[in-house]
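Undergrad: Protein chains in written order, with the numbering used here: chain A, 8 to 455; chain B, 8 to 455; chain C, 8 to 455; chain D, 8 to 455.
Be careful, since some hints might not be right.
All copies of an identical chain are treated as equivalent in the list; a pair is satisfied when it fits inside any one copy or across any two copies.
To be verified - In silico DSSO-like cross-links for lysine-lysine, where the CA-CA straight-line distance does not exceed 30 Å: (1) 71 x 337; (2) 118 x 161; (3) 161 x 346; (4) 337 x 376; (5) 376 x 118; (6) 346 x 432; (7) 161 x 337; (8) 314 x 337; (9) 118 x 346; (10) 161 x 432.
I should point out that these hints are in silico values taken from the structure, not numbers from a laboratory.
Okay, here's what each chain looks like letter by letter:
Protein chains: 4
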Amino acid sequence: MSGVFGMFADPSVSAAPLGYMALYALQHRGQESAGLVVTEGDVLHAHKGMGLTSEVFDDASLAKLPGSHAIGHVGYSRSGENHVTNAEPLWATSRFGPAAIALDGSLTNRKVLRERLLDTGALLQTTTDSELILQLMVRSRKESPEEAMVDAAKELIGGYAVVAMTPDRLVGMRDPLGIRPLVLGRLEGGHMLASETAAITSIGAEPVREVEPGELVIIDRNGVRSRRLFDRDRRAFCVFEYIYLARQDSEIEGHNVHLIRKEIGRVLARERPLDVDVVIPTPDSSVSSAMGYAEEAGIPYEMGLVKNRYVGRTFIQPTQATRQFGVRLKLHPIRTVVKGKRVVLLDDSIVRGTTTANVIRMLREAGAKEVHMVVASPPFTHPCHYGIDVPTPAELIASRRTIEEVRRHIDADSLHYLSLEGLQKAVEGNGRLCHACFSGDYPTEVPG
Amino acid sequence: MSGVFGMFADPSVSAAPLGYMALYALQHRGQESAGLVVTEGDVLHAHKGMGLTSEVFDDASLAKLPGSHAIGHVGYSRSGENHVTNAEPLWATSRFGPAAIALDGSLTNRKVLRERLLDTGALLQTTTDSELILQLMVRSRKESPEEAMVDAAKELIGGYAVVAMTPDRLVGMRDPLGIRPLVLGRLEGGHMLASETAAITSIGAEPVREVEPGELVIIDRNGVRSRRLFDRDRRAFCVFEYIYLARQDSEIEGHNVHLIRKEIGRVLARERPLDVDVVIPTPDSSVSSAMGYAEEAGIPYEMGLVKNRYVGRTFIQPTQATRQFGVRLKLHPIRTVVKGKRVVLLDDSIVRGTTTANVIRMLREAGAKEVHMVVASPPFTHPCHYGIDVPTPAELIASRRTIEEVRRHIDADSLHYLSLEGLQKAVEGNGRLCHACFSGDYPTEVPG
Amino acid sequence: MSGVFGMFADPSVSAAPLGYMALYALQHRGQESAGLVVTEGDVLHAHKGMGLTSEVFDDASLAKLPGSHAIGHVGYSRSGENHVTNAEPLWATSRFGPAAIALDGSLTNRKVLRERLLDTGALLQTTTDSELILQLMVRSRKESPEEAMVDAAKELIGGYAVVAMTPDRLVGMRDPLGIRPLVLGRLEGGHMLASETAAITSIGAEPVREVEPGELVIIDRNGVRSRRLFDRDRRAFCVFEYIYLARQDSEIEGHNVHLIRKEIGRVLARERPLDVDVVIPTPDSSVSSAMGYAEEAGIPYEMGLVKNRYVGRTFIQPTQATRQFGVRLKLHPIRTVVKGKRVVLLDDSIVRGTTTANVIRMLREAGAKEVHMVVASPPFTHPCHYGIDVPTPAELIASRRTIEEVRRHIDADSLHYLSLEGLQKAVEGNGRLCHACFSGDYPTEVPG
Amino acid sequence: MSGVFGMFADPSVSAAPLGYMALYALQHRGQESAGLVVTEGDVLHAHKGMGLTSEVFDDASLAKLPGSHAIGHVGYSRSGENHVTNAEPLWATSRFGPAAIALDGSLTNRKVLRERLLDTGALLQTTTDSELILQLMVRSRKESPEEAMVDAAKELIGGYAVVAMTPDRLVGMRDPLGIRPLVLGRLEGGHMLASETAAITSIGAEPVREVEPGELVIIDRNGVRSRRLFDRDRRAFCVFEYIYLARQDSEIEGHNVHLIRKEIGRVLARERPLDVDVVIPTPDSSVSSAMGYAEEAGIPYEMGLVKNRYVGRTFIQPTQATRQFGVRLKLHPIRTVVKGKRVVLLDDSIVRGTTTANVIRMLREAGAKEVHMVVASPPFTHPCHYGIDVPTPAELIASRRTIEEVRRHIDADSLHYLSLEGLQKAVEGNGRLCHACFSGDYPTEVPG
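Same shape as in the complex, but just chain A (with noise of 0.2 Å):
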């Protein structure tokens, strides 16, 4: 999971400050490396580093940084791999000039492609897949920078969302299937790109639109053109993405987050309706979903659990005597609210089953009469090859169990994930789906 953002605008707009506001409004994406490169036309400025955003930047990083175009990134390592040389973007000097280069996502041909440049004399200094399409440009044999990132798109197979950015020019590419979101906003003086929409309005910009599934997004001084890279009709949108990773305030093909995710709450209350006293969210993931169920159910939404607001990455290792508190740590019952009540439980996905096995024992031991667990999507079975990390299939709890036996594991007096059918119609009209991490039908070739 990462965040991307790209801005190209007038000499009086100073990019780095609302670079780093909508790095920071995108950090749900990525949070543990942060980085931006900004130019003023001639040379990229650059700062990195592992951690938040705020962590990484502060007023005099950003004051090193002059310049009014500039791309950004925030991102998760790939595990074993959280050395800054891996932060994004990364910045380069070929026969084209300097330039940086950001991506969220994933190439499920990055092994093929990687040998293949070695093969050729590629010296390769970093994992990401950004060097390898940097790699792939220096290597076509086309003049202009464009052309040469039009041969370099032909090669990549996966789900991808790139910015990358020249002194004169900033680009933004989206996969053939545009399974990662990336999306066109206009600024006062300019024009930005960025993998939410809330990145855009957060910094008092308006979002245009999508840009598309194979499309390639040009900004220079001319402003923005557009080429298709690929002719398909076919989709398959990360349904991830409306499940869990967009901000609720994001809008995703003219559809608001939160409202996807109340009709995935009403959804699921007509696939199982059930006779309790109350729909509890697992906050903050599931409060829309809830929402959704309670009021197509008509069944009273309650607070039943309060989240701890203090809970970060400094928390202390558990030790001895900490341990045994758990999710005890991060969540709280209020018990009147649940006791003696039968509730239904909503969250958004059961991926190890502790975390859920530890919450509703909690429920129980603040007095809940019955609790019945419903998720807001389909089991979680296969691996994901287009960015988002997830635990090996060995470790998600339901491509080893069936759902009786997930259900005695987590204790619930019964258990419902959300049916395909029904996740696809709460999204109706927002296109085809990538759903493969639930249905193992994968939209591209995938290793293995």
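Since the structure of chain A is provided, determine the placement of chains B, C and D on it from the hints.
TA: Same frame as chain A, but now just chains B, C and D:
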């Protein structure tokens, strides 16, 4: 605002990690300093510092705090006095041996006490009220620390909850009117004290009862003893605990805070029925009252504003470029939810009015047709002398403007503040309240 | 070991940066904490912390210390008491108003004083001797702070140099025997006090004279006044200041420290003439005495050991792999210089013997034919009760072994310690000395 | 300026702590970044960062570097390029597999190489010369990495010492003229490479010999092999290593650096006999030459200046109040030593002249009757193109002023620079030197 904690347990219990957890659960009461003093029954081990609990402590510092008895504190510093010297708990040695103390609240006769103590030869090394209490104790003629504490207590005027510890005993004390909260709990192998029940349940302990106004609780190897220091039937519990300060999962006099806030919302809906389309809370503090308002009024409750979960103290100081964003750093409207709608916006209070004005402008820009402001407390007009850190009257918008002037300042279509009667009704059964911040009716002597 | 500083100057002088510089020049006297208290003549502004002066202070913290009067301190913490609460200066308020105090040295009647103070109602918040002095002052019946200080001084036994400050005056005080040093200096627009002349000259000021044993110096708007608190002619200046503690460019009673150490070397050469090829110091502390030895003996002085200039407190804890290197982390032989040579190695003292043994082994491995050890002080056998932090007698190699046993332990071809008579001769004209660490002859009452 | 290190050892050897120690011993060659790459024979583990070795590494980061083969680097960043991206070692993957590289020195044909590489499709991600070497290697048509390295070496012009590593081999390479140093050593269970012998002896290993100018040394499981890449008999070893750069305990071509500096002092005494009272070094760099001068001239060597051992990079930026102190922050005269004396002051070089002028003024204020300046190198007039970071010619005082003008600027009674002939004589037997910084006689092509 501060949070206090105390524990007296069997030698098998390790108090430091439990104290850490309890302070963590009280973090909302004070974010500028944290400290623990722990003892095995002989010397006191102490660690404190400026910052959040998770910043001040780590495994190494907790490991240096062996013992099964502890007191702890999270606090705000009074302005300009943020040196760690003033962080609590304090610890000192006197003719009674070593002792530690921490306090939530404020003495209104601080100035008089300081002068009297200085006149009688005291050396004051901090500006805390806790030090005054220790100094009063050592000036008592009584032989036992308990009697000395009783003597000291008689000198105190104000709202306070105190925890104090010697190597062989823990005491808790609450002001005669019970302005500030203090709760007694039981854990396996011992007892504990805390500002809120949430800190008790968060470590798997059970709340037993509130320490009574004017009560001194002594916990030692023989169990829990109680002394009534004052024999009055007047009570004046801080109403701001209900409205804003306490955590939603805490219980005050047997009533859950979230449900009381919902009830406040219901009273508001009856006081001010509005013909609108949607009820929107200002997250996170007015979610409960907005739910109550919506239920009572039969108007849909909706998520119209999203809060950035990564807003923290490390955010960059606003520069020329970021200052323009104001509240947009933190709150974001969901356009689809508010567009074309007549909105009632709930908030727990209006202090300076700046944030409220910005949120309303943001909602209007997002397309709200009407924005009606409903405040879950009466107009905030008077300073608190009991430990709540509030702006000067000159900064409190309601103390220098009429309601209509405030409405115009924040540009709301209408503005309603909860009536004092309504507030009292909502917390009915919870005894008499201190509502001086709304009424100027202070339940004790106050300075000036 | 500690260093103290005081300044009283015209309003045009900014005391904080000068105090910073002075503490910086006194850093060799204490590396664990640093602090400054500054006043413009009303309130005291203070900043202190654990670490080196350059770590505790920066431009921002200095800027928050306005005023032209100041005291400061750099210190070692007594073992286990390294919390900032014990860092000096201390500041407090009493019936005399605000005051700050800092001390170099140690009271030998600390225990008695603490007990007496506790009995009379004192609340002790630190374990410093400075606090005891303030407590004694406020317990005096005298009206003026100066007379109260005189009363307090009469209770003190030990070796100490004190600087203290109220908003309108600076005082310096030295113990009756002058065990610890304190110097008065003059700068443009004011006066200053410091543990060593090096701190005075380092800020461009001029040393005026030493504060006399048992003298109280008062500096205020009217200039410098002096009071003799004790009328004795005995003196007992700490001989360790000459041997190790004071900086080479400081002067003690008009004699330069470097030249005194050279003279010690000369005395050693006369006490122990050796037929060797080269004289080698253990850098940096015995460079001066080795120069003196070489000159007197007519044997070449050479650099046989090089010190790594980057050795610091941040060096990694030895691991299984690095522990083997021992002193090699810090000192390196120059092989060509020592190979095949008969070497006399100078050092200021032998404490535990471990380092010396390692250095001698290193020199032998580098090819030295003979290594004769000459120590610029008598055998270190007794603890210091006047503020020098030394190991317990059990750890002092000379207190439990004969000289021959020490020689065998360190594997030297011969071993000579400076005689006590030789030491006294070398510092001749510098009055009577405290040499209790070598002789056990303590000039005051000591505990136990 | 940089320091490099390499090690290839048996699996029983843990390379990371030894590499840490070696970098620590090379710290004087570069204080802005430090890095290690270690391998067990398969993947490369790497850690680097900005700062001193002891700041960049701790036990935790060393523990993540398992393996018995390693290379390391400490470096200065070229101005403005202080991002960690440019810190060395670099690591990358190519058709030869994973590799790491680090370099001390500088290529004079960097610009030409960069352009040629960019033209042929290289993607340059740093501004280091190390990356250029890797890029040249992968562009070679040779199958083996060793032959590719030979191909690459043929393209390089400049002064450089390179260490590089693949999982199964370590290589070292020195420029054809041997401008920069590189030494081969043997440790129990393996071999090592380092910029100086001090790094070898500091870990208990033995120097074997210098890598020859133009030699490629290959170390693998089968031992050490050597290839001569260039067949010339010209040599041009950097004279600045003798004068300033190398540590005093290092040996260059079998001669100890301290003793060579003493010999320089002797030559100076013969070139410029002076009728003075005392010889004073500027500590620490000219201690050796001052000792030689004093011995040869028969004039007493004295410690007239003391250096503050706590001067570090963390010192506060000079403010209006501290700026006046200038060099007084760092150096302090011993008045008694210089008062009334005719002094000869030694220093290794005069760069801008500011510090020298300040030191002379300080000595005069301390009472020196005459101050004669003697410089242990010829006038510094030309930039270094081989890796020594020196000011621009415009800033070099000797490149724009006559010797008499310099004397007047620094206010010395007389001024003598070592003659180039004298310098060559002092290092006699050490082969031909690069003295371009004094003569402008560059031994290779240089830019411009």
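Undergrad: None of the hints should be skipped; say for each whether it holds.
TA: Comparing the hints with the structure gives:
| no. | hint | result |
| --- | --- | --- |
| 1 | 71 x 337 | between (38 Å within a copy, 25 Å between copies) |
| 2 | 118 x 161 | within (16 Å within a copy, 33 Å between copies) |
| 3 | 161 x 346 | neither (59 Å within a copy, 42 Å between copies) |
| 4 | 337 x 376 | within (23 Å within a copy, 38 Å between copies) |
| 5 | 376 x 118 | neither (52 Å within a copy, 54 Å between copies) |
| 6 | 346 x 432 | between (35 Å within a copy, 24 Å between copies) |
| 7 | 161 x 337 | neither (46 Å within a copy, 40 Å between copies) |
| 8 | 314 x 337 | both (6 Å within a copy, 18 Å between copies) |
| 9 | 118 x 346 | neither (54 Å within a copy, 48 Å between copies) |
| 10 | 161 x 432 | neither (33 Å within a copy, 67 Å between copies) |
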